[in-house]
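A.B. asks: Chain A is fixed; fit chain B onto it per the hints.
Protein chains in written order, with our numbering: chain A, 71 to 761; chain B, 71 to 761.
Keep in mind the hints are simulated off the structure, nothing from the lab. Possibly wrong hints are sitting among the right ones.
Since the list gives no way to pick one copy over another, a pair counts as held whenever it fits inside one copy or between any two copies.
[Claimed, not checked] Derived pair list, reagent style DSSO-like, types lysine-lysine, alpha-carbon separation capped at 27 Å: (1) Lys-411 with Lys-279; (2) Lys-179 with Lys-744; (3) Lys-179 with Lys-737; (4) Lys-452 with Lys-411.
Number of protein chains: 2
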Amino acid sequence: PSIMFRKYQWLLKNIDTDSEVISGVQEEDYWELISTTRIRIVSFILQNIKIQRTKENLHDLIKKKVFETAFPLHERENLGAFLKMNWARWRDILYTQPIEQIRTYFGEKVALYFAWLGWYTCILFVAAVPGIILAIYGLISFNSSQISKEICAANTTMMCPLCDQKCPFWPLSETCTYAQVTHLLDNEGTVLFAIFMAVWATVFLELWKRKRAEVVSNWKLYLWDEEEEELAMELINSPETASPLHQHSYIRSTVVLILVGLMICVIIGIAHALVIYRVVVTVIFTQSGSEFFRERASTMAVMTGAVLHYLTIIIMSKVNRHVALYLCDMEKPRTFTEREKNFTVKLFTFQFFTHFSSVIYVAFFLGRINGRPGDYVRVGGKWRLEECHPSGCLVDLFIQMAVIMTLKQTLSNFVEFMLPWIRYKYKLLFRNPKSNNRVHMEESARDPCKEEWLWNYNLNEVNVFSLFDEFLEMMIQYSFTTIFVAAFPLAPLLAFINNLIEIRLDAIKMVRLQRRMVPRTANDIGTWLLILEAIGILAVIGNGMVIAITSDFIPMQVYKYTSSPCIQKNYTGIDCLTGYVNYSLSVFNVQDFANHENLPERKDPMGNVITHCRYRDYRNNEDYSHTVEFWHILAARLSFLILFEHVALCIKLIAAWFVPDVPRGIKNLHLQEKRERLLKRLRRMDDSTEV
Amino acid sequence: PSIMFRKYQWLLKNIDTDSEVISGVQEEDYWELISTTRIRIVSFILQNIKIQRTKENLHDLIKKKVFETAFPLHERENLGAFLKMNWARWRDILYTQPIEQIRTYFGEKVALYFAWLGWYTCILFVAAVPGIILAIYGLISFNSSQISKEICAANTTMMCPLCDQKCPFWPLSETCTYAQVTHLLDNEGTVLFAIFMAVWATVFLELWKRKRAEVVSNWKLYLWDEEEEELAMELINSPETASPLHQHSYIRSTVVLILVGLMICVIIGIAHALVIYRVVVTVIFTQSGSEFFRERASTMAVMTGAVLHYLTIIIMSKVNRHVALYLCDMEKPRTFTEREKNFTVKLFTFQFFTHFSSVIYVAFFLGRINGRPGDYVRVGGKWRLEECHPSGCLVDLFIQMAVIMTLKQTLSNFVEFMLPWIRYKYKLLFRNPKSNNRVHMEESARDPCKEEWLWNYNLNEVNVFSLFDEFLEMMIQYSFTTIFVAAFPLAPLLAFINNLIEIRLDAIKMVRLQRRMVPRTANDIGTWLLILEAIGILAVIGNGMVIAITSDFIPMQVYKYTSSPCIQKNYTGIDCLTGYVNYSLSVFNVQDFANHENLPERKDPMGNVITHCRYRDYRNNEDYSHTVEFWHILAARLSFLILFEHVALCIKLIAAWFVPDVPRGIKNLHLQEKRERLLKRLRRMDDSTEV
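With the rest of the complex left out, here is chain A (with noise of 0.2 Å):
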């Protein structure tokens, strides 16, 4: 208990006594913030300092439980005054946010995420509008598309079995409705719209550092560097010690590097174990003694590859953190903010792949590798791989991408949010009398103040890497929202209304469920600023790859200009795809299947014989090589890919020069400024010489 009085004591006298030293080393513009400030300062001393019997530091005393913790104190009057008033409440959710308040009261590294965060969600706004008008474009139009007519009344088209065991002949209309959904983002529509995307990420980065000078010019910490106020504060804390020196070394980056690529390449075979989980899961399940599970292997096998799916993302996060930690610490990096970027560099990396890289494999992957009919790839030489949807494999991304920024988003807030309320309410209701009585114990002159000081040790505790938790889990969700849009052109929109929640969620928990976080000073959001413009180049790249390769776009254009019968010359009025079903499906000889005896049931609906089935590729139906059409497709789709990278990123280009990182007003001011700043030297220089 005495330990704990001290600790408070420790944290008061520090704030109240060393507000001199601060005052001539900060510039004359840091007076206004000064509670931040100060306990910016506090906190860096106390972290530094050492005892000098044992040479330990407050990080060592933790440890050996001499202290429990250390953190700043809540103002109440603060809490409940200005912030409460718009911003952490749910009834607020469309008010702006009080940044100017944040800053003085959780210092500016928090007010810029939140400043960041409601621009995002300002600008996601702008995107998902047209998000919403391609959606119901395609709703309106599914009706009378000519593709989902064909497929609906194609009942007579025997398609081949999905999978090897107890998987039948089916009838492309039972795609009927799927056909539809497909139509909904597979029109020219959706091309337009990730050129769209990509402008708009180039836009928003570029609005953003406008929005960002500008905020940060009002707090006048434009030229602030923060280097050198890491500086300042050794010099305050003892200015005989010698700041640590850069550091680097071949060697280590070298060991870095490999050990970054290694840790990818363990993520992405992961992903394929899951892959190949599922597909042995199905086949044992099918082959198993139950009649249950084998009704039912399919389903299952999916079912339990989502829930190790889920389960490998939470485990791989916490790996992620560690490597990416020990990795940092390899490289030695000099001071807390280096520290900090090559962790988010790589920490980012890490989870990118983590969660992207079974979204890629359903994206790129998943039933292009299959083989053909007759001539299956087979894991281990046994195990035929899983097939797209029946009705396409841009229907699997739709539906991936539907679950992530649905279920996936609500489910990691409610956690996010619930964890700490939960641990807050345990606090409450099972630590409080017991260190109520500790300080019972002892004489309690400043009643109110220590009961504060209770409270605020209740609350859940902070890290240095709260704020950045947050910020991964917006990038993750901002590449979601970017990269696969074409697929899934609701992404801005679900985004925007999560984003509404997160800033309150954010806000609450800062306010009410959290100790107080050191406060930060910083001009920008640092590395995620050249995280936010890779997402943009791997955006163009992404949708360019899910048109080009996921969806049917291309070919429909191949046919529509090579063999529809728009470009025969007697043919009019008729929809320039009619025929396309037809000509985007193989035929395969059913005698060809190396265990034709064993098949399932070979009666179509009519009661006729199966000697024929479709399949989806471009193969001819004698030795099953590929045809020309084949060829002349993927060359489209790769002409396709090329063309809409360089174009895009070269409007990309275009858009970056066109607007300013820096509005006018601002770069004048600054102009101003630096010339009175040398016209005052140049007055103070004429005095000196006069005398």
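C.D. replies: Quick look at chain B alone, frame taken from chain A:
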């Protein structure tokens, strides 16, 4: 005459008196450099000062012929002492340059140019070595090349005529020699070399950044700020006048963007016009009455085309300059630096297209958009487009590159050096007597001094763009060296040799033939770094496209892995490319020529009548539509391009990360400096609080 004298006096007076003003505003480090700084300040004041009555500045007065010119003087002892010693002399071609001395004499900007050029030349040597090895490997192995052998032996394979008029059928074996040249370029080594060059370009940039950091840090200009200096100059000149503000308007940006687009279209249009000129002129010459013209039609067309091309480049260079200047002024840049930056980007873009559009045509379009025998694409329905060189389109590119890298470079160096030299000699011969007379008419007390002035006056004029032009020339060379290096591996070697000469040429020109430049401070090479980076990316795209589209590398691989004897079981010990030549040629039935009655001689060397001829394409011999092979190869080409681009860009990215921009030592140095500055401030504060 009195005007001239006044001008000199002006110069002298200002140099002597202004030094006091300088000292205060500039950092104390500037003291040592006083002569260049002095000149700069005087020049600035001269440029900006206005005569009270008429509001005219120096520029107006020179226009009005009140002054003839204004320039700083050379210092003979400096010139003689260190520059000529081991820099501006031919025999010192391999010595390192005395960058420090250049800096103290010509200012930082010129010194950085020479530092960059020297560094570039060093690094070119690294690229030249594998280029030479590749060429030697090609030379050694071309006797064993299966394809050359087959082509040389194919004297019964009759090829279709290359033009409409008077072109005969020709046996494939005619191109035997060139087939060997092609082999020199078209081997697996080229792909590796292209990737190597992509990485080379990145590493070059990164190493230059390190080098620059070192150099600039030695000069103590690391934190120097151009904007601040300009403001300081303005303040020294007249502390009252407000400095101009930043301006920006989206409408202006849009107009500039559109105009730049138009200009690029015009430039590309000119290149097209030249192509059509050649096509049309060939036909006109062939059909002309004169025997002489008819015989040499194609040669004449190519020769006049080349001359025209050279003329357009010269004319367009001037036009581009004016357009770029005009567009720059339209954007209303605030300062000279900003103006230079805008101008650089625009002029480089224009010059790039002027120089490259014809090379791009040769590399990617020539011979690919010609249709097929019997159905050629014709300009205006009449004139058939040019065909590639009989031995393949890569040879055209190779020849073009060889001409540019040897002839054109030599020529432009020669012109660049001789023009000032002749002008100087001319002035000495014709002007000297006259101006000598004038001077003698006045009383001349300090004769040696005046003699100096006269010597300086007779040297060639320099303007602010002199250095700019040198940079521009080097950038165009760098573009040629990197972007099409896959077609001409000797480019780095030739550029290396050229640069060795170029350094000394520039040095001699500056020291002996031109007036001294107004020294300018700089701490990097400015926009050129950006352009170098852009060229680095273009190089990846360019080389990828040359290998994928221009060369026969991909078709050979496709042949090897799909239909060569190697993949058949029985064949062993046969070169995998056996039969490739036959595979790559399509068959055309001579009967299908529209005008097959009046075709040229239709006997092959054996005396048989030709019924079929061959042409380079993949079409079937019935309806001449593209075969599976065509689409297969096209798909392979495009996949290769995509793969190459992404892999090369990834490697570039990793290389850029791997090599830090600033060496560790320098980083630590700056850290130390910063720390000491802060420490000093802290002590000062302590002192003041104690007192």
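A.B. asks: Are any of the numbered hints broken by this structure? If so, which, sorted upward?
C.D. replies: Number 4 - this is the single hint that the structure violates.
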